[in-house]
Amino acid sequence: MLRLVKAESFKLSKKLKSWLGPLLIMVLVLIAFPLSIDISQFDLAKFYFSIIVVSLLMTSFVATEGMFEEDFEDGSLEQEFLIEKDFYKLVLSKIFVYVCLIGIPIAFIGALFSFANGVAIGSFASVFLLLSLSNLLLFNLFAFGNALSINKGAMLGVLSSLPLALPIIILLGTAVRSIQFGDGFVAIITLMTGIGLLMSAIMPLIISAALKTHID
Amino acid sequence: MKLLSAQNITYSINENKLFHNLSFNINSGEGLHIKGGNGSGKSTLLRIILGITSPSKGFVETHAQDLNISYLGHKNAIKNYLTPLENLELLFNDAELKIAFEWLRKFGLFDLQDELTASLSYGQQKKLALIRVLARSSDLIILDEPLVGLDQATADQLTSFLIEKLSEGVSLILTSHINPMIDCRVLDIGANDA
Amino acid sequence: MFNLAFDNFNEILDMDGHGIYVWSVYLIGISIIFLSFLIAKKRIVDIQKKINKKNASS
Amino acid sequence: MITAFIHQFSSAKSFVNITEKLYPFFLIVGVSMLILGWTWGLLFAPQDAVQGNSYRIIFLHVPSVIFAELIYFFMAVCALMHLVWRVKLAAYLIKSAAPIGAMITFMGLLSGSIWGIPTWGTWWQWDARITSTLILFIMYLGILTLHGSFSNLEKADRLMSILVVIGVVNIPIIKKSVDWWSTLHQPASISVSGGSSIDPSMLYPLLISVIGLGFTLIALGILSSRSYIFTREKNKKWILEHV
Chain S
1 MLRLVKAESF KLSKKLKSWL GPLLIMVLVL IAFPLSIDIS QFDLAKFYFS IIVVSLLMTS
61 FVATEGMFEE DFEDGSLEQE FLIEKDFYKL VLSKIFVYVC LIGIPIAFIG ALFSFANGVA
121 IGSFASVFLL LSLSNLLLFN LFAFGNALSI NKGAMLGVLS SLPLALPIII LLGTAVRSIQ
181 FGDGFVAIIT LMTGIGLLMS AIMPLIISAA LKTHID
Chain X
217 MKLLSAQNIT YSINENKLFH NLSFNINSGE GLHIKGGNGS GKSTLLRIIL GITSPSKGFV
277 ETHAQDLNIS YLGHKNAIKN YLTPLENLEL LFNDAELKIA FEWLRKFGLF DLQDELTASL
337 SYGQQKKLAL IRVLARSSDL IILDEPLVGL DQATADQLTS FLIEKLSEGV SLILTSHINP
397 MIDCRVLDIG ANDA
Chain W
411 MFNLAFDNFN EILDMDGHGI YVWSVYLIGI SIIFLSFLIA KKRIVDIQKK INKKNASS
Chain G
469 MITAFIHQFS SAKSFVNITE KLYPFFLIVG VSMLILGWTW GLLFAPQDAV QGNSYRIIFL
529 HVPSVIFAEL IYFFMAVCAL MHLVWRVKLA AYLIKSAAPI GAMITFMGLL SGSIWGIPTW
589 GTWWQWDARI TSTLILFIMY LGILTLHGSF SNLEKADRLM SILVVIGVVN IPIIKKSVDW
649 WSTLHQPASI SVSGGSSIDP SMLYPLLISV IGLGFTLIAL GILSSRSYIF TREKNKKWIL
709 EHV
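Chains as they are written, first to last, in the working numbering: chain S, 1 to 216; chain X, 217 to 410; chain W, 411 to 468; chain G, 469 to 711.
Just so you know, these hints were derived from the structure itself, not from any lab.
Careful, some of the hints might be misleading.
[Stated by the list, open to error] List of simulated lysine-lysine pairs, DSS-like, C-alpha gap at most 25 Å: (1) K459/W x K233/X; (2) K291/X x K152/S; (3) K273/X x K322/X; (4) K460/W x K643/G.
Whole structure, please, built from the sequences with the hints as guidance.
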């Protein structure tokens with residue numbers, strides 16, 4: 001397990017495009033939005049958070065794109081299968097590494113921008129925690145989409161997993177309201193953590209089955 | 217000692233039969249050469265033996281606990297955005313790395329160990345991929361078309377390595393569309409060759 | 411329960427101004443179902459022809 | 469033993485043979501019940517006190533929406549059978565049911581939209597039910613796209629089954645969360661179908677339409693599964709009896 005985490009983080013750190021790209025896209029989208037409206041007319045703070053949520057959704061599927069494709073194309077998946085007999089540990093470490101190296105930085109950028117734009121909600125820490133948790137959920141889901149589509153392009157993966165991600169977006173929206181009105185935040189964070197843990201445990205099983213089908 | 221046995225293996229893809237009712241055994245210290253033309257299913261048969269692909273009918277049984285298999289197929293599992301050294305470090309522990317370095321020297325890759333693997337030639341990449349098999353101790357070595365893309369000198373080194381391993385009791389399964397490179401049993405699965 | 415809800419044919423068509431919505435929904439619905447049957451039938455005929463052709467040539 | 473039992477009754481050959489005999493029954497019963505239900509609903513059922521005559525769309529809309537979900541659940545059962553017991557027929561059935569599901573979901577959406585014009589004054593409302601039906605529609609298309617993307621059809625079958633199973637777990641979650649979202653943001657959403665308090669004179673034609681559409685869709689499913697089974701098993705000998 002430690003071997004896999006080490007190997008995956010080493011590989012990801014060597015691919016500048018894969019980890020820096022999503023962060024830059026996140027920043028660019030967040031800059032692009034205010035440019036598209038007349039900020040003297042609108043109260044940006046009111047709906048800037050929804051832009052953060054949507055860009056979170058977008059960047060997380062950009063970030064997970066090709067997550068398994070490289071290993072599938074060059075035969076690493078088969079070698080891994082011979083060692084472990086399934087992909088559970090591999091998938092678990094991959095998602096962990098991606099969340100740590102890409103997901104959490106994206107959440108940090110999102111939290112920063114939400115404050116820079118005066119979204120007056122709670123503390124920095126609570127927004128950051130919220131966005132990080134949603135990234136954990138989204139990365140698990142999009143990893144599933146990517147495992148299904150593997151080398152057939154990101155479009156197919158997104159198409160099959162995005163509908164499943166919509167409840168997460170709703171949950172995120174609700175959490176933001178709860179921060180604004182100052183109640184139920186802890187309950188929602190607990191709920192999201194629970195779902196996150198459950199998904200992190202179960203999704204690798206399903207993704208592993210999909211990957212097994214691909215190398216079959 | 218019997219290592220592995222295949223019983224009545226049949227494999228079909230999209231309802232087209234690739235091969236039909238193959239049975240064979242592999243004992244330790246024994247070599248098996250699978251011969252067949254293009255598209256005859258050599259690689260698929262290897263993948264069935266490895267347990268990666270499941271056969272349409274029949275089964276493969278391993279008789280040893282924790283069978284240690286080294287395998288190299290058409291896909292070389294090399295990351296071309298890493299250097300050869302980094303590639304090897306991902307694979308091996310310290311003891312194995314020592315042997316891997318010896319092979320790097322023998323293959324003339326030692327000076328290239330810090331270049332990007334993408335800049336290496338196909339033959340050099342193939343040699344690097346072979347080290348995966350050569351530097352690890354295993355009970356069974358499975359190679360798919362090992363000689364393709366190798367120069368004569370490397371081919372000879374590989375052949376003598378395999379012969380030595382055979383004498384140490386390691387089993388061997390190879391494929392090619394030509395005659396075997398070492399002296400062993402031949403399983404001809406037919407030439408579906410056009 | 412089994413009395414016509416309308417007095418004459420024009421009323422049936424008009425349905426107090428809602429007729430256009432009601433009737434277009436049913437028209438589209440029936441044509442979609444009908445078309446799906448046609449497509450399915452055609453697919454069967456096509457594949458049967460293909461199989462026949464293949465067997466005749468071999 | 470279970471596996472042997474299932475495989476005996478799930479060969480594509482016996483499925484085609486049995487359904488071939490059942491097809492006229494489903495078609496005739498389904499279509500005549502649809503005609504009965506819809507004529508009753510359109511011409512004889514009394515006007516709705518609140519919505520006037522536009523409510524008559526219900527006799528097409530509600531059955532469509534019911535089967536939009538039922539077909540997905542049917543697919544999920546097949547997907548489980550395919551994943552657990554490797555029943556090939558199950559995958560064939562998913563692949564032939566998915567377009568029908570997409571079609572009927574589209575019909576539900578379209579009829580709902582048109583219904584919205586006289587009742588809500590707009591053809592699209594961010595109502596919980598409509599939103600989750602739209603998501604369901606996209607899920608059907610996603611399943612079809614996934615299956616169409618792989619040239620190795622057995623792989624495609626398995627991946628599609630995995631997606632269907634994950635999807636069916638998600639449907640209630642999506643429905644619940646969308647419901648939740650809509651009650652948060654839209655305090656007074658218009659409730660359309662009356663639910664339990666519906667008058668028998670409207671309920672009977674509705675029930676008949678539901679059953680009628682169900683039988684018609686089964687007939688359609690038999691046809692489309694037959695064409696798909698023929699396509700997949702075209703090299704088998706038993707096919708020759710059917711051409």
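Now for the hints, and whether the structure bears them out:
The suggested pairing of K459/W with K233/X holds, with an alpha-carbon distance near 24 Å, which does not exceed 25 Å. The hinted pair formed by K291/X and K152/S meets the criterion: a straight-line CA distance of about 18 Å does not exceed 25 Å. Among the hinted pairs, K273/X with K322/X is inconsistent with the structure: their alpha-carbon atoms are about 43 Å apart, more than 25 Å. Between the alpha carbons of K460/W and K643/G the distance comes to roughly 44 Å, so the proposed pair goes past 25 Å and is violated.
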